[in-house]
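**Q** Same order as they appear, the protein sequences are chains A and B.
Our numbering applies: residue 1 is where the first sequence begins, and numbers increase by one.
Our numbering applies: residue 109 is where the second sequence begins, and numbers increase by one.
There's no promise every hint is true.
[What the hints assert, rightly or not] Pairs of lysine-lysine residues, derived as DSS-like cross-links and limited to a Cα-Cα distance of at most 30 Å, are as follows:
hint	chain 1	residue 1	chain 2	residue 2
1	B	K121	A	K2
2	A	K42	B	K178
3	B	K163	A	K42
Calculated from the structure, these hints are not laboratory results.
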Amino acid sequence: QKEVEQNSGPLSVPEGAIASLNCTYSDRVSQSFFWYRQYSGKSPELIMSIYSNGDKEDGRFTAQLNKASQYVSLLIRDSQPSDSATYLCAVGFQKLVFGTGTRLLVSP
Amino acid sequence: DVKVTQSSRYLVKRTGEKVFLECVQDMDHENMFWYRQDPGLGLRLIYFSYDVKMKEKGDIPEGYSVSREKKERFSLILESASTNQTSMYLCASSLAVSSYNEQFFGPGTRLTVL
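The following block holds chain A by itself, in its conformation from the complex:
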């Protein structure tokens, strides 16, 4: 059974802080790794994709991948109240396995 594990949270951070979201996965041959943001009542929105070890930065977001440790993370710098949402980690190739998500709360 391929699994993707995330801490359900909530992760509470003050506005302007760095939020760190973590994800571990069980399938060693996974090739693609994604972070989705989902606001309450809405569908998931892709915010980051990463395919090789290391860091990938896009604006305030940085995805980090460590295949040896089967670990992928998302850092959100200068967190804003509008970042409050559930963040889903997804792992796989053509088919993806999703974690259940980490709820992030950014307080003003």
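The hints should help you fit chain B onto chain A, whose structure is shown.
**A** Below, chain B without anything else, positioned relative to chain A:
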């Protein structure tokens, strides 16, 4: 921008009814997926399709069927709706090319079966 649309945002049906959920994507994606999302259980794959007229079962196909007659359209069918099929249904699409297989989601259909 990729656009994935779903036929209804909210749907209320009665037990035993046949239910059709439609999904259309406009980016010529080969892959299309149907998920359901329930609190605490996350996104679970029902069916997916790699090409027209091709379909494969996902993790929870029981009680569902699908149809893909055209590349841009993927339909989910509940042959006889039951209350345990009350859920948020999400359609997604992606390219088949390796390394560019991000899935893009439609807005979702919240189905209630009474």
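**Q** Which constraints among the numbered hints does this structure fail? Numbers only, ascending.
**A** Checked against the structure, the only hint that fails is number 1, while the rest are satisfied.
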